[in-house]
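There are 2 protein chains.
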Amino acid sequence: MNREDDCSSPIVTNDLPLTKEMILDAAEQVLRRFGPDKTSVVDIAKVLQVSHGTLYRHFASKSSLREAVTERWLHQCIAEPLEAVVGEAGGSASERLRLWLETLINAKRTYSIEDPEMFMMYAAVTLDAIEMITTHVNRLIRQIARIIDQGIQSGEFKSGPSEVIAKAIFIATSRFHHPAHAKEWMAEAVDVEFETVWNLILSGIA
Amino acid sequence: MNREDDCSSPIVTNDLPLTKEMILDAAEQVLRRFGPDKTSVVDIAKVLQVSHGTLYRHFASKSSLREAVTERWLHQCIAEPLEAVVGEAGGSASERLRLWLETLINAKRTYSIEDPEMFMMYAAVTLDAIEMITTHVNRLIRQIARIIDQGIQSGEFKSGPSEVIAKAIFIATSRFHHPAHAKEWMAEAVDVEFETVWNLILSGIA
Numbered sequence: 001m002n003r004e005d006d007c008s009s010p011i012v013t014n015d016l017p018l019t020k021e022m023i024l025d026a027a028e029q030v031l032r033r034f035g036p037d038k039t040s041v042v043d044i045a046k047v048l049q050v051s052h053g054t055l056y057r058h059f060a061s062k063s064s065l066r067e068a069v070t071e072r073w074l075h076q077c078i079a080e081p082l083e084a085v086v087g088e089a090g091g092s093a094s095e096r097l098r099l100w101l102e103t104l105i106n107a108k109r110t111y112s113i114e115d116p117e118m119f120m121m122y123a124a125v126t127l128d129a130i131e132m133i134t135t136h137v138n139r140l141i142r143q144i145a146r147i148i149d150q151g152i153q154s155g156e157f158k159s160g161p162s163e164v165i166a167k168a169i170f171i172a173t174s175r176f177h178h179p180a181h182a183k184e185w186m187a188e189a190v191d192v193e194f195e196t197v198w199n200l201i202l203s204g205i206a
Numbered sequence: 001m002n003r004e005d006d007c008s009s010p011i012v013t014n015d016l017p018l019t020k021e022m023i024l025d026a027a028e029q030v031l032r033r034f035g036p037d038k039t040s041v042v043d044i045a046k047v048l049q050v051s052h053g054t055l056y057r058h059f060a061s062k063s064s065l066r067e068a069v070t071e072r073w074l075h076q077c078i079a080e081p082l083e084a085v086v087g088e089a090g091g092s093a094s095e096r097l098r099l100w101l102e103t104l105i106n107a108k109r110t111y112s113i114e115d116p117e118m119f120m121m122y123a124a125v126t127l128d129a130i131e132m133i134t135t136h137v138n139r140l141i142r143q144i145a146r147i148i149d150q151g152i153q154s155g156e157f158k159s160g161p162s163e164v165i166a167k168a169i170f171i172a173t174s175r176f177h178h179p180a181h182a183k184e185w186m187a188e189a190v191d192v193e194f195e196t197v198w199n200l201i202l203s204g205i206a
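Sequence lines, in order, name chains A and B. The numbering of the first sequence is full-length UniProt numbering, which starts it at 1 and goes up by one. The numbering of the second sequence is full-length UniProt numbering, which starts it at 1 and goes up by one.
Chain A with its partners taken away, still in its complex shape (with noise of 0.2 Å):
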């Protein structure tokens, strides 16, 4: 999905009837003109012309409409993305693992440049919402097994438990996927350093 089209979508009104979507469409909205903590749910219920009662019928707090905001953007800009490279046909089970490892970090550090709002929100979010960061680590962690597994099949990598493997590569790979990196994105040799890091991994499963 481009991103572009999730964050200008148009401003709903109470002639339709209210869905979840919409919510998040405002509070997205919203949330990226005043900042996470400036925006009220009151300025998200003014935008869809309903009652802060009527919203909070939906979401029980400012706090938990962030987090669901923050877990659609993992959903569609971050897991679905990945999703595609784990899916696609042709080419060695390294050179997948390696797209997607590539693709993960590409996307974190775009968005952290070219949508800082969403980004810091959640950087934000990833300290408090532990749930749902751990829902959303499990899936790309279960991705990168998948790969292990076709890797495994092919004979391309040694026999291991997939899903440990996975963890441990997701982990190792914090520095350049963890929010509370994203400074250190900006320097020149990271690059260099992700590919230490990739050719100690590869030499481990290999």
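Be aware that one or more of the hints could be misleading.
One copy or two, either will do: identical chains are not told apart, so a pair holds if it fits within one copy or between any two.
Taking lysine to any residue and the SDA-like style, the derived pairs with C-alpha atoms no more than 20 Å apart in a straight line are [claimed, not checked]:
id, residue 1, residue 2
1, K183, Y56
2, K38, I141
3, K183, N138
4, K183, A124
5, K158, W198
6, K183, M132
7, K183, M120
8, K183, T135
9, K62, Q29
10, K183, L127
11, K20, R32
12, K158, E21
13, K158, S203
14, K46, A124
15, K158, L202
16, K183, E131
17, K183, T134
18, K46, D128
19, K183, H136
20, K158, N199
21, K183, A123
22, K158, A206
Hints in this document: simulated from the structure, not taken from any laboratory.
Could you slot chain B onto chain A? The hints should help.
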């Protein structure tokens, strides 16, 4: 060096010539007591019973004082105990590498809990004092490289560029020692997660 020794040095007075160590002792005490935001150079000068002009002749700003205090702490409380691990006699290189990593990780985890003021200052300085932190990290990477060299010489590890491999190992374990991840160290799963990353690293180098 015992941490308690560093943190409870007696208040120095102007009867003695002002040394860098005396300034750092006083700065560390005041920074601990009031926190980096509320501490001023004047507060530190008061403890030392000197004018703030005298202090500015040694350190140009509060941030350079804060950086110097952190640098000393990193040297004494992190790098030196690790140096001792590298120099230890006996045991295999993989045992020594594991002990080195565990010593680093345990030190960071212990300080984050038992010395939160210094740890928070260090986490903040990490984002700003890039050059000082890079020097510290490079020192740690050279320590790992010496262990890798020991392992290559004994035939325990594959041949390879030890500094590059050492850097990859340091980065791949960031999740367990980089201060940006301190909150995640409280999770129950963190030891199991380290074990999976350690196994991946060891398959890569052994």
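Check each numbered hint from earlier against the structure, then list the numbers of those it violates in ascending order. 1, 2, 12, 14 and 18
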